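Using the sequences and the accompanying hints, generate a full structural model.
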Amino acid sequence: MIFNLLRLFLLPMLLFVALFSGQGLAGTKQEIKIAYLTQEKQVPAALSNLEPFIADKGLQGALLGIEDNNTTGQFTGQNYFLRPEIVPLGANVQLAFSALLKEGYRLIIVNLPAAQLVQVQQLNNNQALLFDVATRTDAFRQAQCLQDVLHILPSRAMRADALAQYMLKKRWRHWFLVIGATPEDVLYAQAIRRSAKRFGMKIIAEKKWLHSYDARRTAQSDIPVFTQVDEYDVLVVADEQGLFGEYISYRTWLPRPVIGTQGLVATAWHRTHEQWGAVQIQNRFKALAGRSMEEEDYATYLAVRSIGEAVTRTKEVDASLIKAYLLSERFKLQGYKGKPLSFRPWNGQLRQPVLLAAPTSLVAVPPLDGFLHPKSELDTLGYDRLETQCQ
Amino acid sequence: MKIKVILLSSLLLSTSFATAETVFVTLEKDNAIAVVDPIAGKLLKTVNVGQRPRGIALSKDQQTLYIATSDDDAVIEVDANTLQVKGKLPSGEDPETFAIDSQGTRMYVSNEDDNQVTVIDLSSKQAIQQVAVGVEPEGIAVSPDSKWVVSASETTNMVHWIDAASNEIKANTLVDPRPRALSFTADGQQLWVTSEIDGTLMIIDVVSKEIVQRVHFSVPGLGQEKIQPVGVVIDNKRRWGYVALGPANRVAVVNAQTFEVEKYLLVGARVWNLAFSPAQERLYTTNGASHDISIIDLQEHKVIKSIAVGRYPWGVAVKP
Chain A
0 MIFNLLRLFL LPMLLFVALF SGQGLAGTKQ EIKIAYLTQE KQVPAALSNL EPFIADKGLQ
60 GALLGIEDNN TTGQFTGQNY FLRPEIVPLG ANVQLAFSAL LKEGYRLIIV NLPAAQLVQV
120 QQLNNNQALL FDVATRTDAF RQAQCLQDVL HILPSRAMRA DALAQYMLKK RWRHWFLVIG
180 ATPEDVLYAQ AIRRSAKRFG MKIIAEKKWL HSYDARRTAQ SDIPVFTQVD EYDVLVVADE
240 QGLFGEYISY RTWLPRPVIG TQGLVATAWH RTHEQWGAVQ IQNRFKALAG RSMEEEDYAT
300 YLAVRSIGEA VTRTKEVDAS LIKAYLLSER FKLQGYKGKP LSFRPWNGQL RQPVLLAAPT
360 SLVAVPPLDG FLHPKSELDT LGYDRLETQC Q
Chain B
0 MKIKVILLSS LLLSTSFATA ETVFVTLEKD NAIAVVDPIA GKLLKTVNVG QRPRGIALSK
60 DQQTLYIATS DDDAVIEVDA NTLQVKGKLP SGEDPETFAI DSQGTRMYVS NEDDNQVTVI
120 DLSSKQAIQQ VAVGVEPEGI AVSPDSKWVV SASETTNMVH WIDAASNEIK ANTLVDPRPR
180 ALSFTADGQQ LWVTSEIDGT LMIIDVVSKE IVQRVHFSVP GLGQEKIQPV GVVIDNKRRW
240 GYVALGPANR VAVVNAQTFE VEKYLLVGAR VWNLAFSPAQ ERLYTTNGAS HDISIIDLQE
300 HKVIKSIAVG RYPWGVAVKP
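These protein sequence lines are chains A and B, in that order.
Every letter in the first sequence is one number past the one before it in numbering that gives the first Met the number 0, and letter 272, counting from 1, is 271.
Every letter in the second sequence is one number past the one before it in numbering that gives the first Met the number 0, and letter 313, counting from 1, is 312.
FYI, nobody ran anything at the bench for these hints, they're computed from the structure.
Keep in mind that this is a model prediction, so the values were computed, not measured.
This list has only true hints and no planted wrong ones.
BS3-like, lysine-lysine: derived pairs with alpha carbons at most 27 Å apart: (1) Lys208/B to Lys314/A; (2) Lys59/B to Lys236/B; (3) Lys225/B to Lys168/A; (4) Lys196/A to Lys169/A; (5) Lys196/A to Lys374/A; (6) Lys331/A to Lys208/B; (7) Lys225/B to Lys374/A; (8) Lys225/B to Lys28/B; (9) Lys169/B to Lys28/A; (10) Lys225/B to Lys169/A; (11) Lys169/B to Lys314/A; (12) Lys331/A to Lys32/A; (13) Lys285/A to Lys28/B; (14) Lys331/A to Lys225/B; (15) Lys28/A to Lys208/B; (16) Lys101/A to Lys32/A; (17) Lys196/A to Lys206/A; (18) Lys262/B to Lys374/A.
Label-pair ranges, simulated between beta-carbon atoms: (19) Gln126/A to Arg238/B: 54 to 62 Å; (20) Leu287/A to Gly86/B: 28 to 36 Å; (21) Lys201/A to Leu221/B: 32 to 40 Å; (22) Pro219/B to Pro344/A: 27 to 35 Å; (23) Pro43/A to Glu259/B: 54 to 62 Å; (24) Ser123/B to Gly289/A: 36 to 44 Å.
Covered by chain A, according to a simulated footprint, are these stretches of chain B (three or more residues, beta-carbon under 8 Å): (25) 107-116; (26) 133-140; (27) 157-171; (28) 220-228.
Heads up, the beta-carbon is just placed ideally off N, CA and C, and yes, glycines get one too.
Pasting the structure below:
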């Protein structure tokens, strides 16, 4: 059955590929085919309906990247093409990935959770270069290294380090850590503990949030009781899904700021960011997508732009040559954050400043002045070469 | 007695001559321009002009100031003497910078959000053409012989060579990431281009349109990532070139013959754009983050004064 299905799809696809490459030969343009693999998501539980669920996070950024690459391509003789593959809920992502490989895609942007990224990476066998635009998983940057995968978003460790640098600058060194119930919250808390140790912070108390998610009960009555611990400077909340974190601000026993996954957050991109030309891309994105640019959109945009930079500079379209260029010291990507972005060759993590943002204002952009590094100050955020087992 | 009178009058004459020079600075966040007497070292006044003024230049007869008010989507015409707004040019959306040809007949405007350059006929005040260029065009310059209009696109990382006769792109030069500003040498032989992200200055040969020199900057005790070259100007004799290094807070003095960096002059914070005095004995710098301008003496290569002007000074033009 599956074979029949494959055959059914494969034949027209082969025809399509033949036609496509025929066109490429006829014209003088180089064709660069990029696939974007993601899966539909169930609308997650949320605290309120204030922020609408966005179904196309990531896709719009990739489309903008393709548009920008093609603007450049008209002068350099290259044409970029995006093939979005959006797997329906419940369908098999691995099958879709294999199909993309069979169709000849060697540059694949993967917007999937950590477990699924590992599954598709295991099918890859050094065939394609994958751009992970979704995970923050520290393990992928530290011990469980994934061959042929570039990670665009900052890891949890990079985010926690960014917060810690700012806290050190403010001398808010005593932290009260509140951890949610999901496995991701536990990972976030681990990153916070690592950064606290790294930057000499003191976690004076750690508490798990086990209470109900009902606003009428939790908000006013439980949080003041829950937050009665020893003296501290800031409350660090680990609630990646946003199930209770927003309740904490203004309701703590002591009047203290909230940082972490709510309050002051560490992020790759934020709608309040407008320095270093960022206002230009914010405008272009809004015109295209009709909404603000999210982190995943920024990541897919950078993935497509990285490919564009590599192709423009090297005039090569082969994935292995693109990978070699991206991991070399020659690669410098303008990412609207004031510093050239590049990849850490040891774990494929994109080096980048991390934005610290409150809901309507940008507070700081670490790495902050004074945090020094022998090679790149950007490497003061996250796992440095000596702290990783990746090669 | 007679000698004294002559001396006094010549003294008066020379001071009145010197004070005739006026520096105009656009203030991005004040929606205004600052009018400065650089000899007296004084901010004379601040005049509202429109939203987010950035690029600024004088007409050939020095009687009109052109100012790009980006958020009003216009280039406005301001009387350089009365400072009254007297007109508006059809600049296209979000004009940031512009350049005027040497005859003073045409203006070329960068439309950053639309990836195009608008060509305006200054006598009829009509937009006569829009040229599609790369992503986020910013720096723009016209060659001294008015043959080439060169536009730098910040995200495409290219300078586009537009033939001024046909308004068509005839060549493209791939440059280092995020090219910001560009400037022709007075002899028209070279184009100097700065790369903000790579921290370089590129010298492009106008005939071959290829990069023939790359200048790197390094300031002891300052991280390489702080060096973000922006504005660039070269003196008429092609002896010295000057490059504003953004958050490095310095202007680099480049020997325009050997391309050695001879000196770094400490100015204000986030130095952005540069302009010569009419006889090129002084250089004015806009310092975006310290809200002032610096005056550099070019005989001594020394910073002699800084003058507070207002919030986020961006562009600068000098009227003799």
